[in-house]
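**Student:** Single-letter residue listing:
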Amino acid sequence: MVKMRMAEPKILKNAIGSIVELIEESAFRFTPKGVSMRALDPSRIAMVDFELPADAFDEYDVTDEMIIGVNLVDFEKALSRMKSGEELTLEISEDGSRLLLTFRGASTRKLGIPIINVEEEEVSEPKIQFTAEVGLTAEVLIDGLKDAEMVSESVLIMAKKGEFVISAEGKKGSSELRLKEGDAALTKLDVKQNTSAKFELEYLLKMVKGASSSDEIILKLGTDLPLEMEMKLEKGKLRFFLAPLIEA
Amino acid sequence: MVKMRMAEPKILKNAIGSIVELIEESAFRFTPKGVSMRALDPSRIAMVDFELPADAFDEYDVTDEMIIGVNLVDFEKALSRMKSGEELTLEISEDGSRLLLTFRGASTRKLGIPIINVEEEEVSEPKIQFTAEVGLTAEVLIDGLKDAEMVSESVLIMAKKGEFVISAEGKKGSSELRLKEGDAALTKLDVKQNTSAKFELEYLLKMVKGASSSDEIILKLGTDLPLEMEMKLEKGKLRFFLAPLIEA
Amino acid sequence: MVKMRMAEPKILKNAIGSIVELIEESAFRFTPKGVSMRALDPSRIAMVDFELPADAFDEYDVTDEMIIGVNLVDFEKALSRMKSGEELTLEISEDGSRLLLTFRGASTRKLGIPIINVEEEEVSEPKIQFTAEVGLTAEVLIDGLKDAEMVSESVLIMAKKGEFVISAEGKKGSSELRLKEGDAALTKLDVKQNTSAKFELEYLLKMVKGASSSDEIILKLGTDLPLEMEMKLEKGKLRFFLAPLIEA
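Order-wise, the sequence lines are chains U, X and Z. As numbered in numbering that gives the first Met the number 0, residues 0 to 247 make up the first sequence, in order. As numbered in numbering that gives the first Met the number 0, residues 0 to 247 make up the second sequence, in order. As numbered in numbering that gives the first Met the number 0, residues 0 to 247 make up the third sequence, in order.
Calculated from the structure, these hints are not laboratory results. It is possible that some hints are incorrect.
All copies of an identical chain are treated as equivalent in the list; a pair is satisfied when it fits inside any one copy or across any two copies.
Derived DSS-like pairs: lysine-lysine, alpha-carbon spacing no greater than 30 Å straight-line [to be verified]:
# : residue 1 : residue 2
1 : Lys234    : Lys187
2 : Lys170    : Lys208
3 : Lys76     : Lys205
4 : Lys9      : Lys171
5 : Lys12     : Lys171
6 : Lys9      : Lys170
7 : Lys208    : Lys197
8 : Lys82     : Lys160
9 : Lys171    : Lys109
Go ahead and model the full structure; you've got the sequences and the hints to work with.
**Tutor:** Next comes the structure, spelled out in structure tokens:
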């Protein structure tokens with residue numbers, strides 16, 4: 000038995016909207032405790048870790064553990080058919096061949112997407128000695144990344160006492176986002192030592208794609224180490240890990 | 000003399016917006032009683048029947064019967080230049096070569112589109128023994144059709160006592176819109192016997208293209224028979240007929 | 000020293016948004032009195048004359064005259080990254096290689112675009128004996144031009160006592176915008192003699208591209224003479240000159 004209902008399914012829609020940018024097919028693990036997935040992108044530069052606990056749902060009825068593979072592009076398209084104010088129910092079709100999404104609002108609409116064979120990856124969480132932790136609004140982070148996109152394909156992220164900086168430099172010019180302690184958009188700045196690392200812009204832009212502008216995002220950083228980007232959800236968690244670019 | 004004025008020309012704009020999806024050129028018949036057109040689409044699968052009586056206009060001055068052919072793509076483009084709040088006047092240019100649209104608002108703008116030679120088709124209204132009649136809002140019908148579009152190129156429309164269903168099924172998944180007696184979006188459900196028929200989705204989507212989401216639409220159905228789709232207008236009528244898909 | 004700050008930089012953004020449609024690279028002259036540029040488009044059919052006096056800025060600090068060349072496409076893209084409510088600072092980077100734009104709002108973002116070598120053109124203001132001067136809102140002018148675009152590639156602009164008309168004619172039909180003395184959208188009509196001239200629509204549409212719909216635009220006209228189009232700015236001026244089309 001797998002059946003669950005969300006009165007406010009926007010969390011799920013936004014999360015899948017970000018994940019689909021990196022991963023096309025994935026296995027979700029449904030257990031009595033909640034839903035989770037963990038996967039690497041095809042280039043193995045980025046990792047996604049997503050969890051929605053049972054209490055993120057208004058009804059949650061999963062009796063046995065079950066692995067369900069779906070094409071995330073199909074899943075995202077189906078979720079995008081949901082209208083604001085509609086309630087979402089997820090369940091498995093009787094013959095086990097489809098994941099059924101039911102939208103309840105002015106009408107009752109049901110979309111079924113094929114359940115496919117995807118092997119669940121064994122992906123263990125990277126252990127990283129982060130030296131800085133930064134909280135900021137999605138809007139400001141996205142602005143900084145889009146500015147950088149105008150001039151370069153990579154971005155340097157730096158944190159030091161009192162300051163957080165995203166900068167880029169190229170033939171077409173330069174860009175810089177600077178947040179100082181006290182700025183409203185900087186919700187957290189915890190720096191153990193000066194930290195800087197370089198990343199591919201394309202991946203960062205994909206990770207923030209599903210975020211709403213007022214969402215809070217937590218970045219954990221270490222010099223020349225992978226970053227962890229956590230989207231703060233009311234319940235559950237969505238985290239991305241991204242390998243740094245190391246200059247030759 | 001052909002001259003008419005509409006203070007709220009949105010009806011005409013929406014109607015032409017739907018018709019142009021099916022028919023590129025057409026002859027309109029102007030008589031002292033009103034304007035009408037009836038035509039088959041090039042594939043002869045769909046038929047359009049459109050009528051605006053004289054009292055749908057705020058001024059209506061047509062002394063003699065007249066057939067006027069226009070390219071509907073030109074007509075639709077010209078109508079799309081009209082801004083909300085503007086009043087529309089239609090008339091024939093002095094030399095008889097153009098249909099003139101005058102938009103009156105902050106300024107007075109006039110667009111003329113060529114009158115072309117189109118033979119008026121002899122199209123008689125199909126006589127069909129419908130067994131179900133369903134009224135619903137355009138918004139919900141469009142949702143059901145767009146859901147179906149994600150998984151198939153055709154759609155099954157069913158009506159039975161107490162229930163109306165649009166469903167589709169394909170390799171990419173399944174879709175289903177279900178309305179029950181009592182649902183606000185279901186404005187009418189009159190079923191003589193269980194009724195079902197299959198249709199090409201592409202045509203249905205074109206027919207609803209010009210509808211505003213709050214418009215009421217009446218579907219008349221018979222098992223494996225053509226459907227009639229009527230857009231409820233305050234004055235006048237716009238109906239489409241569409242041949243069913245019959246499985247070999 | 001070149002440094003200036005605008006609390007409401009929309010004037011600059013809109014002006015560059017229009018100019019970039021005609022001219023790709025340009026030299027700006029910065030003097031203690033203000034910023035200016037004057038240039039011909041590559042086809043030499045249109046001329047731009049732009050001036051922002053020092054008092055159009057909230058802070059203005061230019062000690063010596065300086066010519067700064069930029070790619071206007073880069074400049075426009077950088078300005079388009081500015082969000083409403085943000086304050087803009089312009090300055091030259093320390094090494095003199097970049098024009099720096101700083102946006103201050105929820106965060107502080109800085110974009111640098113390369114300063115390039117552009118020779119300042121010697122362009123003297125055309126001396127034209129205009130016979131009509133017309134003021135109208137950008138919205139109505141744009142409507143008239145877009146109507147014309149549906150039927151032709153050129154447009155006839157006429158002014159006579161009490162009336163201003165933009166019309167076009169082609170195989171695809173006709174268009175006409177007519178404004179009469181007393182119409183709210185016609186802010187000025189000063190006609191010495193009946194005046195008419197024909198222009199390439201493409202250029203006129205580019206010139207109005209950056210205008211906000213409520214902006215006032217002043218057209219100065221002479222029969223078969225170039226037109227002057229002035230965008231009324233609170234401070235400073237943006238003018239375009241456009242050569243007429245003369246029928247063979």
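**Student:** Each of the hints needs a verdict: does it hold here or not?
**Tutor:** Going down the list of hints, with the structure as the test:
no. : hint            : in the structure
1   : Lys234 / Lys187 : within (20 Å within a copy, 42 Å between copies)
2   : Lys170 / Lys208 : both (26 Å within a copy, 28 Å between copies)
3   : Lys76 / Lys205  : both (17 Å within a copy, 21 Å between copies)
4   : Lys9 / Lys171   : between (38 Å within a copy, 24 Å between copies)
5   : Lys12 / Lys171  : between (36 Å within a copy, 19 Å between copies)
6   : Lys9 / Lys170   : between (40 Å within a copy, 27 Å between copies)
7   : Lys208 / Lys197 : within (20 Å within a copy, 39 Å between copies)
8   : Lys82 / Lys160  : between (44 Å within a copy, 28 Å between copies)
9   : Lys171 / Lys109 : between (48 Å within a copy, 14 Å between copies)
The earlier numbered hints are all upheld by this structure, with none contradicted.
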